[in-house]
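Residue 1 is where the sequence shown starts when you use full-length UniProt numbering, and the numbers rise one by one after that.
Everything labelled a hint here was simulated from the structure, so no lab data went into it.
Ideal placement from N, C-alpha and C gives every residue a C-beta, glycine not left out.
Any given hint might turn out to be false.
[Stated by the list, open to error] Simulated restraints on C-beta separations:
no. : residue 1 : residue 2 : range
1   : 347       : 38        : 42 to 48 Å
2   : 295       : 236       : 21 to 27 Å
3   : 235       : 295       : 23 to 29 Å
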Amino acid sequence: MTAPAPPNKNGLPPWLPRALMLVAWTVIAFALAGWLFLQLRGLLVLLLVSLFLALALEPAVNWLHKHRWPRGPATGAVMLGVVTLVGAFFSVLGSMLVGQVLEFIDQVPAMSRGLLNWVNVTFNTSFSPNTLLSEITDATGLVDQYASSLAENAWGAGTTLLTLLFNGLTVALFTFYLTADGPRFRRTICSVLPPRTQREVLRAWEIAISKTGGYIYSRGLLALIATVAHYLALVVLDVHYAFALALWVGVLSQFIPTVGTYIGGAVPVLVALMQGTWPALWMLVFVVVYQQFENYLLQPRITARTLDMHPAVAFGAVIAGAAILGAPGALLALPAGASLQAFLSVYIRRYQVAEHPLLGSGEPHKADEEDETAATTPDGGAADGTGPSAPPGGAQRGQPAGPRLLHRWTAPRSVRRRPSAPVPGGGRDDAEGGDQGPPPR
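Whenever a hint applies, use it, and build me the whole structure from the sequences.
Set out below in structure tokens:
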């Protein structure tokens, strides 16, 4: 055995100064990384939103590229379609809002007279329209002060608007390049990783594309169905602004988890209430019945393969995302949670649950049956992508091969061998191997 190094003349071990220096540099590096994160937090959030949008747009871009569209024009066409739909949504809602405000202003005199009569009869008072007008005149000073303060803050409002516009253009630019140059971007990342890590990264990337794109498209389909159903109900009940209200319900109930359902359904009920009690009551009944139909029949069939998350888990994920990143975090929470859940399901095996009164009489999880049937493949290969039947790149069961992400999502053509011809020696003249010897008995 080698003897330990003797202490130096100060009585300290020789490794202590180097260890202290290493700790000091580590603390400095962590402090610098934290400072950079705080300074670049806004840019990182924009990049995260751009990555989410790129993952959501990539299935549509891949479909266009499969039909001989270049990736650049395909990405531009998909983004233009999305911007057009969003602009149409807000323009329709804006026209509805302006119309409702103007109609409300026209009805203010009649509503105020009816309210005064009800107050005088109910509480035995003697208010008159002149008294109400004087009160409104006295309150005009507060309105003027508020208007003057808004005028003073006009510069701040303009700066905020320019910041939002710049952030939107930044997200659009990053989204375009991440989608159009997706294969090149992934190839650059994989070029610095070992082969085994490359397969894991590509598998995770494919799961993220599948879950994010599936989430967006399934929610879009549910929003379309909800819009059509509520539009028909509003037309039957003769409620004003039927199309705008139906569009409001469809978009809000699908893309804002949990609370969006109640907010979206409350607005048409309130608008119907302005036309009478019975239209509002029937509208409320329709909203409740449709939500039950969607939750128990429609949504499980559409989202069975895209976003299989318990509502409580989804709500908690949205709250956590909002607490971490604010509004962008709430938007990204569900696709990120679904991608993480799907990625973990590749490595976590489910087993048959033992019988117990605390477990109820529920049916076994679907993954149990899949694991049992996929334990081995027909040709003897393992289900983990390592046997004879494993796809290229070592992809897992149910997941496409990783290298497809590096080649614009086009599968490589299979190499077909020409049929071999018999040769005089009793063997077979193969196209690649020549005489392979006599055939087996």
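Evaluation of the provided hints:
1. 347 <-> 38: 42 to 48 Å: Once the Cβ atoms are compared, 34 Å apart, the range 42 to 48 Å for residue 38 and residue 347 is violated.
2. 295 <-> 236: 21 to 27 Å: holds (23 Å)
3. 235 <-> 295: 23 to 29 Å: holds (24 Å)
Of the numbered hints listed earlier, the single one contradicted by the structure is hint 1.
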